[in-house]
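Fit chain B to the known structure of chain A by using the hints.
The residues making up each chain are set out below.
Protein chains: 2
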Amino acid sequence: MSTRLRVVSFGLGPIGLAAARLALQKSSIELVGAIDVDPAKIGKDLGDLLELSRKTGVVVRGDADAALRELQPDAMLHCTSSFLPVVKDQLLLAARHGVDVVSSTEELLVPALQHRALAQELDAAARRGGATILGTGVNPGFAMDFVAIVASAVTFEVTGVQCTRVVDAGTRRLPLQKKVGAGLSPAEFEQQMATGRFGHIGMRESVALVAQALGFGDLKIEQTVEPVLATEARQTPFLTVQKGKVAGIRNHGYGRRAGQTVVHLDLSMYVGAPDPRDEVVLASTPPVHVLWKGGIAGDQATAAILVNNLHGVAAAAPGLATVLDVAPPRLCR
Amino acid sequence: MSTRLRVVSFGLGPIGLAAARLALQKSSIELVGAIDVDPAKIGKDLGDLLELSRKTGVVVRGDADAALRELQPDAMLHCTSSFLPVVKDQLLLAARHGVDVVSSTEELLVPALQHRALAQELDAAARRGGATILGTGVNPGFAMDFVAIVASAVTFEVTGVQCTRVVDAGTRRLPLQKKVGAGLSPAEFEQQMATGRFGHIGMRESVALVAQALGFGDLKIEQTVEPVLATEARQTPFLTVQKGKVAGIRNHGYGRRAGQTVVHLDLSMYVGAPDPRDEVVLASTPPVHVLWKGGIAGDQATAAILVNNLHGVAAAAPGLATVLDVAPPRLCR
Chain A
1 MSTRLRVVSF GLGPIGLAAA RLALQKSSIE LVGAIDVDPA KIGKDLGDLL ELSRKTGVVV
61 RGDADAALRE LQPDAMLHCT SSFLPVVKDQ LLLAARHGVD VVSSTEELLV PALQHRALAQ
121 ELDAAARRGG ATILGTGVNP GFAMDFVAIV ASAVTFEVTG VQCTRVVDAG TRRLPLQKKV
181 GAGLSPAEFE QQMATGRFGH IGMRESVALV AQALGFGDLK IEQTVEPVLA TEARQTPFLT
241 VQKGKVAGIR NHGYGRRAGQ TVVHLDLSMY VGAPDPRDEV VLASTPPVHV LWKGGIAGDQ
301 ATAAILVNNL HGVAAAAPGL ATVLDVAPPR LCR
Chain B
1 MSTRLRVVSF GLGPIGLAAA RLALQKSSIE LVGAIDVDPA KIGKDLGDLL ELSRKTGVVV
61 RGDADAALRE LQPDAMLHCT SSFLPVVKDQ LLLAARHGVD VVSSTEELLV PALQHRALAQ
121 ELDAAARRGG ATILGTGVNP GFAMDFVAIV ASAVTFEVTG VQCTRVVDAG TRRLPLQKKV
181 GAGLSPAEFE QQMATGRFGH IGMRESVALV AQALGFGDLK IEQTVEPVLA TEARQTPFLT
241 VQKGKVAGIR NHGYGRRAGQ TVVHLDLSMY VGAPDPRDEV VLASTPPVHV LWKGGIAGDQ
301 ATAAILVNNL HGVAAAAPGL ATVLDVAPPR LCR
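Protein sequences appear in the order of chains A and B.
Per my numbering, residue 1 is the first one in the first sequence, and the count goes up by one each step.
Per my numbering, residue 1 is the first one in the second sequence, and the count goes up by one each step.
Possibly wrong hints are sitting among the right ones.
What the hints assert, rightly or not - Straight-line C-alpha distance at most 20 Å; calculated DMTMM-like pairs for lysine to aspartate or glutamate:
1. 293(B) <-> 275(A)
2. 293(A) <-> 275(B)
3. 88(B) <-> 51(B)
4. 178(A) <-> 232(A)
To be verified - Not everything, but these chain A residues come out facing chain B in the computed CB check (under 10 Å):
5. 22
6. 146
7. 150
8. 176
9. 192
10. 193
11. 296
12. 302
13. 330
Treat the hints as calculated values from the structure; they're not laboratory data.
Every value quoted in this text rests on a predicted model; they were computed, and no experiment measured them.
Idealized CB from N, CA, C, for every residue including glycine.
Looking at chain A on its own, in the form it has when it is part of the complex (with noise of 0.2 Å):
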C-alpha cells in the first residue's frame, strides 16, 4: 500500500468511535474527516470525543455534503442507524460524491431482503457515482453467516447450517446491554419488543445470506425473540438485573423450505450466558463443525472488521455489494 486511503467517519456512536479510534492508528489509513448530526458534537475535535490526550485535527461537522464535496475522501466508516430507510439519504450521498462505504447497518447485510426498491436505487446510484457500499459487521456479517459461508467451501454438499452465538451481555457495553433488554421486567420487555427497534437486528438477513450463499432457493425465512428471564440477581458493571428480570434476549433465525429447517441460527445474548462461543456445524459431506472459542468479542470485533474492511471495498468494482462480493476480509496495518 504506497498511499493511504483517505477515511471520513459518518456516525459518531460507540461503534462509530471505536471505528475511528481504530482507524487513527492504522499506517495504511489517514482519517480526514468526521460527520455526525448531534449538535453535542459538531465543531468538537475528534481527540476530545475519543478522549485521547492529543487533538486529531479532525472536527466534527454537521454537513455531510459540504464535507464530503469539500474532503473528497476515497471512503467512508458509516455507522449510524440499523435500518436502511434510515441512511438511505446518506449513502445516496456518498454514492453522489464517488465515496465507497463500509457501513454498519445491518439491513444493508441484504439490502433488496426487506427493501427491493431502496437496494436497486442504490446499486444504480452507486455505478452512476463509482462508488462500492457494504453493509458487513460481526453479527450479522461475520460470525453467523460468513463463517458458515466460507466453511462451506472444503464441502461437496450442504444440506442444513446451524449456527450457534452465545454472547454474555454482562461483559459487553452499556447499549448493548439496553438493547437486549439487560434489567427490564417482562411485560417492559414486551413493550420494547413491539417498537421494532430493540433487540438483534438482521437476524433475517443473516438466514437470507446463508440460504442465498449456498444456493439454497427463496426459503421461508422467520424469526423468534423471546426474554430470557435471570434465574438470581446479576451485577454487571453498568446495571443490576433482578431475579426475573430481564438477562436479554434469545434469537431464533429459520430458513425452512417445505416446512423443513434449512438454516437455523440460534443466538443467545444475556446477561450471565455461560459458555460464550460462536459454533456453526454444517450437515454436510465431508461434515463441518468449527467453534470458535470463547466466541467473537462484540464491540471490539465489529470495529475492527468494518475498518479492515475499507481497502477492499476500495478495490472492488462500484455498486452495492455483499460480503461474498469484496475480497476476503483481513487484518489491515
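Then chain B, alone, in the frame of chain A:
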C-alpha cells in the same frame, strides 16, 4: 447463474479425478473435456476412469493445446504437479487460450516466493490472455493460512499466528500415506526427503501468505520435517506400519523476524495421529481461537475447494491471483 461454466479437467490423478467427479455433479458446471499425459488414460471416457456406471461423453485427450483450442472452455481444473516449474507450460497454455485456472499446484499459492521471474511471466501472460490463474487447496490454501487470515478480520492487531493441523494419515488415501512415508524405515525416509518431492509441499508458501496478508513484512521463512516413528504396529486399509518404522511426518513452518517466531505452523500427518483437528490461535486484540473439530477432511475437501473456486475465478480480474484476490470461496451448486 443462468449459464453453466464450461470446464476442462487437466490432470487425472487421485485429486484431479475427485475434482472431475464433483464437477460432473454440479448443475452450474458443464465438464466439457479432460486432459492427461498418461497414455493409459488417453482415449478413455471419464466415466470409465471414475468407475461410473455410465459414459460421460468426455474422452481424455493428450494434446492440451488442441483440446483447449477446440473446446474453448471457460475454466480449467488443474491438478498435475506440486511444483511451479513443472506446470509452467501448462499454465502458459491456458493463459494463451484465455482459460481461467484453479490449480492444486502447491507452489502456486504464493508463486513469487520461490519463482519470482516465473511468476512475473505467468502474470503477464494471464493478463495478456484475459485469464485468471489461482493456486489453492486445503493445505496450502485454507486450513493453515486462509482461515487464520480471515479470522484476523475481527481484530485490531495481530502479533503472532499459530496454526496446528493434525491429520490421521491412516484415514487418508494411499498416495497421502506414501507421501508422508508411512511404512518406511527411518533410513528410507531420509533418502526420500533428500529428493525434495516428498512430504507436505507448500509449508513455506503458507507461512508467506500469512505474513503477506497480515502485513508482517519480510519474515525469515524456515521449516523442519522429521519422521514420526510408530510406537506400536499400525494397520491402514492400504499398508502396515511396523513398530519403529515411520508412521508419517511432523512438519513445522516458521516465519521469524529478529529471531522471534511470528508465524508458527505445526503440521502432523501420520498413521494413528490422535485428536485430528485444525486449530488457529492468533496473538491478537481481541484474542482469537478457532477450532475445526475433527480437522478439515483432506482429500474430499481438496477436491471440493478446487471446484468451489471455479465461479469466483471466472469472475475475477485477469492475472496471477491469490486466494486473497478472488471472492471468498463457498459451495457451488
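Hint-by-hint comparison with the structure:
1. Between residue 293(B) and residue 275(A) the CA atoms are separated by roughly 17 Å; this keeps the pair inside 20 Å, and the hint holds.
2. Restraint check for residue 293(A) and residue 275(B): satisfied, since their Cα atoms lie roughly 17 Å apart, inside the 20 Å limit.
3. As the CA atoms of residue 88(B) and residue 51(B) are separated by approximately 31 Å, the hinted pair breaks the 20 Å bound.
4. Restraint check for residue 178(A) and residue 232(A): the C-alpha separation of about 19 Å stays at or below 20 Å, so the hint holds.
5. The beta carbon of residue 22(A) is positioned within 10 Å of a beta carbon in chain B (closest approach about 6 Å), and the interface hint is therefore held.
6. Interface restraint check for residue 146(A): the shortest CB-CB distance to chain B comes to about 7 Å, inside 10 Å, so the restraint holds.
7. The closest approach between the C-beta of residue 150(A) and any C-beta of chain B is roughly 5 Å, which is under the 10 Å cut-off, so the hint is satisfied.
8. Taking 10 Å as the C-beta cut-off, the interface hint given for residue 176(A) is violated, the closest approach to chain B being about 15 Å.
9. Nearest Cβ of chain B to the Cβ of residue 192(A): about 28 Å, over the 10 Å cut. The hint is violated.
10. Interface hint at residue 193(A): violated, since its Cβ lies 29 Å from the closest Cβ of chain B, which is beyond the 10 Å cut-off.
11. Satisfaction of the interface hint for residue 296(A) is found here, the shortest Cβ-Cβ separation to chain B being roughly 5 Å, below the 10 Å cut-off.
12. With its C-beta approaching chain B no nearer than about 8 Å, residue 302(A) sits inside the 10 Å limit, and its interface hint holds.
13. Residue-level restraint check for residue 330(A) holds (minimum Cβ-Cβ distance to chain B is 5 Å; threshold 10 Å).
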